[in-house]
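K.L.:
Next come the chains, spelled out residue by residue.
Protein chains: 2
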Amino acid sequence: MSTSPPTLPYSPGVLSLLPLFYVGWSDSVLSPSEVKLIHKKIASFPFLSAEDKHLLQQWSNPQAPPSPELFKQWVQVIRQTSLQGPSDQRQSLVELGIEMAKRSAGEVDQLQWSSEQTAQALADLEEALGIAHIDAYRNIFHTEQIEREKEEREQQASFDYNAMTDLLDGPQAELKRRMRILLIDPYFKLEVWRDKTDYRQKMLDWCKALARQGFGAIAFPEAYGGNDDMEAYIAAFEAMAYHDLSLTIKFGVQFGLFGGSVYWLGTEKHHQKYLEAIGTLELPGCFAMTETGHGSNVRSLQTTATYDPPTDSIIVHTPSPKDGKEYIGNALHGQMATVFAQLIVDGTSHGVHAVLVPLRDEAGELLKGIKVEDCGYKLGLNGVDNGRIWFNQVRVPRENLLNRFGDINDQGQYSSPIENPSRRFFTMLGTLVGGRVSVPRAGLSATKTGLNIAIRYALKRRQFSPKEGEVETLLLDYPTHQRRLMPHLAKAYALHFALAYLTDRYVNRTEDDIREIETLAAGLKSYATWHTTACLQECREACGGKGYLHENRFADLKADSDIFTTFEGDNTVLMQLVAKGLLSDFKKEFHDEGFRAVIRYLSSQVSDTFSRNPFQTRRTESSHLRDPEFQLEAFRYRERALLYSVSARMRSYLNRRMDPYDAFLRCQVHMVELAEAYVERVVLEQFVKVVKTTSPELRTPLKRLCDLFALHSIEGQKGWYLEQEYLHPSKTKAIRRMVNQLCLEVSHEAKSLVLAFAIPEESVVAPIVTSD
Amino acid sequence: MSTSPPTLPYSPGVLSLLPLFYVGWSDSVLSPSEVKLIHKKIASFPFLSAEDKHLLQQWSNPQAPPSPELFKQWVQVIRQTSLQGPSDQRQSLVELGIEMAKRSAGEVDQLQWSSEQTAQALADLEEALGIAHIDAYRNIFHTEQIEREKEEREQQASFDYNAMTDLLDGPQAELKRRMRILLIDPYFKLEVWRDKTDYRQKMLDWCKALARQGFGAIAFPEAYGGNDDMEAYIAAFEAMAYHDLSLTIKFGVQFGLFGGSVYWLGTEKHHQKYLEAIGTLELPGCFAMTETGHGSNVRSLQTTATYDPPTDSIIVHTPSPKDGKEYIGNALHGQMATVFAQLIVDGTSHGVHAVLVPLRDEAGELLKGIKVEDCGYKLGLNGVDNGRIWFNQVRVPRENLLNRFGDINDQGQYSSPIENPSRRFFTMLGTLVGGRVSVPRAGLSATKTGLNIAIRYALKRRQFSPKEGEVETLLLDYPTHQRRLMPHLAKAYALHFALAYLTDRYVNRTEDDIREIETLAAGLKSYATWHTTACLQECREACGGKGYLHENRFADLKADSDIFTTFEGDNTVLMQLVAKGLLSDFKKEFHDEGFRAVIRYLSSQVSDTFSRNPFQTRRTESSHLRDPEFQLEAFRYRERALLYSVSARMRSYLNRRMDPYDAFLRCQVHMVELAEAYVERVVLEQFVKVVKTTSPELRTPLKRLCDLFALHSIEGQKGWYLEQEYLHPSKTKAIRRMVNQLCLEVSHEAKSLVLAFAIPEESVVAPIVTSD
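The listed protein sequences correspond, in order, to chains A and B.
Residue 679 in the working numbering sits at position 679 of the first sequence, and the numbers go up by one each step.
Residue 461 in the working numbering sits at position 461 of the second sequence, and the numbers go up by one each step.
Since the hints were derived computationally from the structure, they do not count as laboratory data.
Watch out, some of these pointers could steer you wrong.
Derived DSS-like pairs (lysine-lysine); straight-line CA-CA distance at most 27 Å [stated by the list, open to error]:
no. : chain 1 : residue 1 : chain 2 : residue 2
1   : B       : Lys-703   : B       : Lys-689
2   : B       : Lys-371   : B       : Lys-322
3   : A       : Lys-72    : B       : Lys-703
4   : B       : Lys-467   : A       : Lys-322
5   : A       : Lys-72    : A       : Lys-467
6   : A       : Lys-322   : B       : Lys-689
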């Protein structure tokens, strides 16, 4: 190593103080008393020239902290002058400064830099600044190394995340942009709500504010203040879910469920009378379907709506306490409810229909025969006023029947455009499938917020160093941490595109493909909301104790989204619906008659055939593993094989004269597996399609995420693939290695990938990432 | 079918009213107005004899509702008299009553029972009672069928659950019994706490009440009010965790962490001065270890404790804001804290030591130089007052150093009985391993409460029926539901015995096996708390929307236990510690020098050899699958194979001159897998041992749970076993079928298995199971 002094921009005097200045400024603040002290001390130091003193006084001006460039220069100078890298022996800041001065000073000055007085003078200043205990070397070299790593990491992202945002926002970019701007307004500032009454009131106010902006009526016809734009409604729902999920669900109850029921199940007269007031929230209302005794099994609801000819009215009645309406959103604020009940006309039940029942008068007092009970605190969503409602012989006019699919004429006779009661029921429910399209998108917004926080934290937080004294390792540089978060990030992207596809199919549905879309919605809703729960749990844990503090958002993100796996249909029940849809090839009959139709269908089918390529089972080269054709084939194989095996089992049970219901029960677990395979295949297909059609800039990062999603899913199912001998052990091992590699690669641009979600910092809030 | 009238205890007149009485009483309440009405109507019915009227008046006495026996008799009579089973055509209660009367009446009376007047009279009564809409057949036959099923199910349990409780309670049965009795006292009534100040105060009061009962000091020597019984302390901790986890953690902070640090790290003088006051909670204190910047990496804590010879005191100081103590329990109530800091004597740092620092004066005012900030609301545990603490040059006397492992003598010189600073550090931390023994047991209590609720609910709740009009299916009779809950139940039992084993090892530890016990504690803590999180999530979802209501306990159970996976050591970090322990065969050196020692150890080892039996890979008969020898061999094989492969990989990296740290990182995911295999092997070994040694009565249910735990774990790892060709696909398929079968079998006695946990109903609380 050369011992000749390097050419430096600073004199030995300045150098002697540089470490102190560097550390003193490192928290970006010099207090007035510190400044005063520095000025006084500096003026007294005999080893400083007038120029030195002038420069140092400039540097200690609290009005003008050193620029990042100057700060960086200091680090470089310190690094150049002192020993290369940290030595094992710790030095104080003073020792470091003196060493630097010595190295750059001429021979004549060496004595001065070796004197006790100089050292003491500097030590006094250090002591007075309260920085004597800080390990100079570690701090300085670490900062430098951390800065370098950060720069490298930022250069690693191969794409502009704004371009990714545009892709993700898609056709609703403008609406989402508007919603973002709106929600960062101080009016919508997120707060910690502990009291449910206050929180509920605030959410009501916020919903009204959104309604005033036109978001409430957006899916209704223009005549009633809307845009007739269901896609926009869903996008708004997704965008506000970045902010507060109580707001989102309250909004959904009022405009999507209550408004939607009037719109889809009612007719012109109801639209004219109510839609405008619903869209502005002048008429807050409920969607009273679920009962204490019947949730998933809507068809067996017990509430009755009996037509009473003498008074030409409908009597809505709760037969027993456990038949009360349960978890009804808006129950405390609502003035009216769409009540689902067994419609009885002339002694005959025509199955579940919806009737509008006023709940409260203008003063907010409950009407006669109506009982409402607060559901109290819940695990989350405490800004939504859920309640229980019982009806005691409540009389409403006949026209309150939402009569699109079943009506009572002036002669008191029932009629319906759909003869078959079962098909009628499923047609009515089908119009409400929008909820199953929207909910997973709100869940995905929560997922993305969680990933944003956990990943940005993992790029700030360091813990444990390779050797004592060395810079600690960033959490995201740990392979375990990459393994915990990167597959979830990939899946979030996969789900984003899959849900966009579902939305598109849904808003463009026809009579012909409605069964398939319902099946897809049921499957994606389950698959996506289970992912939300799993991902947020992992993100919370990945942030350690910090993730447990309420301020860092996981408390609400987890609690509020937790219900998503069991509302708008319990996921396990929905997955069986999906399997039934697949087994009956989306034929309408299956809806009409449940599993009996499936059995009929199955017995009419010839056995499916599918093949596997024995050569493929052993290919392990990376180009093959990353080939979408291989991935898609594996996913499709799994789906077809499971479809075949479930069918075969079921047929075999039936041939043995087993009761069809028992046969179904025996295949239940198998059916859920089939449903999952179907959903994953659809998700991968959509992701592959996006990768193919997107711009070259975005293709690379998206391809990597798509590969990670595909291979991580296959890895998760490797037991099955090995059992089927579809994959050879050498191949599953190669897939594991490739997943590790992809986790590493994705981690390099993880920050850009979460910034691309374009979640406003006002919604992220978490100090672990937004502060500093 | 015979048409001759059956011999019945009731006259036709009584029979005609029996369905109405049955349904009228079915909610166990007849209101005064209903009674008045019944009496009036009955008196007027011409078709009733005087005896009939007398009997019916007796039956409508609200002071004496029908006994369960009478109620049952009614059902039997209705069932005998009317058609067998429900017909497809629904009948009203009146029609049913009349049909019954007709069937038992003689020919002469037939006319009376066919008359319009009779029917109308009964219908009027039905209408007036508000039960006209209830489907008589369904209700009556279902109740009967449900009762029968229930009886059958109760007979299914092959054992007395009280005997199981005795086994589970083990040697601490008496203490656990005392704690149960104590906590069901109204003083400890569970409430919904939304305000943290109130909740914290209540938990402080509860802790004091427990201290007054002697639980606080239980682990301390008798001289200071205790029993010197760590096992009892841990049992008390576990038992109170059934009740309120904030209480449990607050208790643990005061007596286990703060008290434990004084007891284990201090010496006689500290014990004399403080232990009694700590045990009575006269002196509330903190365990101030974690810092904002350093959680898992305790060794790099930044707080300094500098010995100042002139004043013979120690100056405790927080060098920068991010070095503040973080999440410190008792921070708002504490008067003193055990502060972990780098001890600096004469300019030399001797590593982390503990110093007692007074925080507040008797009036509760903060002392000079101490800053405390409330951590605010957390995801859960809001009854624990966590805060941040900063020290600004706080001076305490030298004797406040907890000096068991490092002392400063009167000459101001540092000395320690343990020369090596690294070994000293780990020895000090090792004495605190009690936390890692206790926390998973508290987590398991939460798991058991969750299982109690979800399983009892699944045995009450019905949804969907095979055919319209048939009784709906119990949730626990769905195979998907069994699959969701039964493996968790089996694992809870497995963990119970494993944690009892750990406790036993811990309280009987010696210098020789302490490293192994620390490794076991780290592993079991991680494995068990991850299970708590996963199991409670599944239980919540298995209760659907009901599980989301705060009143049904999952909100708190989930939220409060969520932190367990990352406190007392982050699980992922702990699992790496476990792997390091295994790789170095629990040699002390590994603790002292981290992974470098492991590397040395590895290179000194000859390669492990282990074999597999090719014949075994294809055996699928149930006696083989349920043979503990097969199960244990599979678990042990996995552990050994992973140990071998991690070692081999590491050696190969090192031979290629890779930096040891990088080599470690590359094996990180692999190491976590190894750690898990080790923990599971230990858990299974203990469970098998319990099954072998327990009473014959309990052996059958326990063997079933043990098999389910073992085979479900193997099923979860089947990808690995197939990859290794340790299991043939035919065998993994057989295992899947056996798991299904075991889930079904265990479900039949699931209720007894959760009742055996002996959780007081006052702690369960959840109305979905405790109410009817």
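K.L.:
Could you run down the list of hints and mark each one as holding or not?
P.N.:
Evaluation of the provided hints:
1. Lys-703/B to Lys-689/B: With a Cα-Cα distance of about 10 Å, the restraint between Lys-703/B and Lys-689/B holds, given a limit of 27 Å.
2. Lys-371/B to Lys-322/B: holds (13 Å)
3. Lys-72/A to Lys-703/B: At roughly 67 Å apart (the allowed maximum being 27 Å), Lys-703/B and Lys-72/A break the hint.
4. Lys-467/B to Lys-322/A: Satisfied, since the Cα-Cα distance of roughly 22 Å is no more than 27 Å.
5. Lys-72/A to Lys-467/A: The hint holds at about 25 Å.
6. Lys-322/A to Lys-689/B: Violated - the C-alpha atoms of Lys-689/B and Lys-322/A are around 47 Å apart, more than 27 Å.
Hints 3 and 6 from the earlier list are contradicted by this structure; the remaining hints agree with it.
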